[in-house]
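Using the sequences provided together with the hints, build the complete structure.
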Amino acid sequence: MINNGIIIIILAVFALLWLLLMVFVIGLYRNLKKMTSSFAKLGYIAREDTKKYFDESSDKAYEMNKQISEDNKKAIVETMEQVLKNSSVLVKETIAEAEKDASKIIENAQFESANIKKEAKEESGKIFLRLIDDSTQAVDWAMEQYLKENYSMKDHEEIIEKLINIYVNEYKKS
Amino acid sequence: MSTNTKNLNIAFDLLLAEARFYPRSKIINELNIIADRIKFSGKLQELFASKSVNKEKVKIAINTLFKDDISEEIFGFLLALAENDLSELFTVDNSLELIDYCQNQLYKIKELFFISPIPLSINFREKMITKIKSVFVDEEIRVIFIVKPSVVIGFILQDEKVLYDYSFKTNFVYYLNSYFKKKLETIK
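Taken in order, these protein sequences are the chains called A and B. Taking the numbering used here, the leading residue of the first sequence gets 1, the next gets one more, and so forth. Taking the numbering used here, the leading residue of the second sequence gets 1, the next gets one more, and so forth.
Don't read these hints as lab results, they were simulated from the structure. Note that the Cβ used here is the ideal one computed from N, Cα and C, for glycine as well. Treat the hints with caution; some may be incorrect.
Quick list of the computed label-pair ranges, beta carbon to beta carbon [unchecked claim]: (1) B:E139 <-> A:I166: 15 to 25 Å; (2) B:K59 <-> A:I166: 14 to 24 Å; (3) A:E170 <-> B:L65: 42 to 52 Å; (4) A:D155 <-> B:F40: 32 to 42 Å; (5) B:Q158 <-> A:D155: 46 to 56 Å.
Structural data, given as structure tokens:
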């Protein structure tokens, strides 16, 4: 009877410990998930910001992204320090892993920004070439708009009338 | 109002009617040419000054003397003077006063040049004048229509101080810019 009682108590203690462990693990898992999501967001922001400055200049975009990455890194390190201050050894190790992941995300962001820089340069070249092609089209377009061979007096008068209305609206005293 | 001033007023109204779209500098220039030519001919002086002479005879003289040497507008003005028995305004005693009067009156009116690539119909000109007058409501204006094919499309309106350019020539660059902007937006 006594043996059975002891066994029950031991099992109950184990069950309680197991329950506590599960609660701890679940909590830890949720925190890590949150952090990973934050790091992913930081990486995303870094990429988006790089894209935002894409059309200004590729070098500027690269520098900007580099700065953003540095700022992100700094923010992550500071957060880590804060977390580590209040953590046990186990949590320290786990968070160190998370930091590694975060670093990977930042590295990826930097790698992507370098790619963006490269692409931006290539794209600039393409845009320039397209503009040259388009300039010929633009001249044709303008010519077509304004120098139609069969421009009748009525056509001329219609355009002049449209333009004189613009002039009147611009300069008429209110 | 003296008879002479009254006559000068009538003559000026006739001038404005006949030379409505003609620049004042050319009007004054041609009036001086006419006065000079009449001044050096005794017979012409007599013809223009006489009130008993048939006005048709004066018109024939005007036609013979000036038809191909002056503009249609000023030629029409001379005929209108003859029609209204006011040819005497061009005699030596009166011509200087007439020209001075016209010149003074013309310079009181703001003169604008409407430059278009093709000649515009009278109806269309009237329409343009009405529109332009809506801008210069406080001023009396005359609009002189000039044709310059280099404008290509549109028009240029010019007064003594400002040039309002709505021509293809100038706006071509603008249209190209807007075209490029749109294109760049598409590429992005």
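Structure-inconsistent hints, enumerated in ascending order: 2, 4, 5
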